[in-house]
Amino acid sequence: MNKVLKSLCCAAATGLGVAACAAPASAPIAADDAAVRVIAKKLRAGPPQSPPQTIKRYVIGGKAFYYVAAPCCDQFNDLYDARGQRVCSPNGGITGRGDGRCPDIHVDPREGEIVWRDTR
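Residue numbers for the sequence shown follow the working numbering, beginning at 2 and rising by one.
I should point out that these hints are in silico values taken from the structure, not numbers from a laboratory.
Keep in mind that a hint or two might mislead.
Said to hold, decoys possible - Listed next, with one range per pair, are the computed distances between beta-carbon atoms:
1. Gln50 to Thr96: 21 to 29 Å
2. Pro52 to Asp109: 17 to 25 Å
3. Ser51 to Arg111: 14 to 22 Å
4. Gly62 to Arg98: 14 to 22 Å
5. Asp82 to Ala46: 13 to 21 Å
For glycine and all other residues, C-beta sits at the position ideal for the given N, C-alpha and C.
Please put together the full structure from these sequences, using the hints given.
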């Protein structure tokens with residue numbers, strides 16, 4: 002029994018340590034990149050979403066791209082280039098396969114670095 006309790010305490014302490022390192026969900030993220038500022042301005046022009054919208058940075062083929070998930074179901078998720086111009090929708094929509102304009106680009110929404118979060 003003592004061994005089980007010790008294991009549980011270690012697991013809880015490890016979990017708390019990892020959680021303490023994570024940024025709080027409401028923490029503002031600096032938008033120091035020109036593309037991020039352009040995209041964030043477009044997002045802020047609309048109403049706040051729940052959950053708050055984010056911009057994720059991906060490096061694909063050595064180039065920076067920015068991914069914005071749609072606020073709800075069956076809508077396209079947009080991918081922007083380093084100038085903040087929309088390139089395509091690699092996923093989302095009714096089929097979940099995007100708009101078909103970038104079939105060679107695979108973006109996993111669970112990955113990517115969050116570089117901006119709407120804090121309204």
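Each hint tested on the structure:
Against the hinted window of 21 to 29 Å, the Cβ-Cβ separation of Gln50 and Thr96 comes to about 23 Å, which satisfies the hint. As the Cβ distance of Pro52 to Asp109 is approximately 18 Å, the hint placing it in 17 to 25 Å holds. Between Ser51 and Arg111 the C-beta distance comes to about 20 Å, which sits within the given range of 14 to 22 Å. Taken as a hint, the range 14 to 22 Å holds for the pair Gly62 and Arg98, whose Cβ atoms sit roughly 20 Å apart.
Checked against the hint of 13 to 21 Å, the C-beta distance between Asp82 and Ala46 comes to roughly 19 Å, which is consistent with it.
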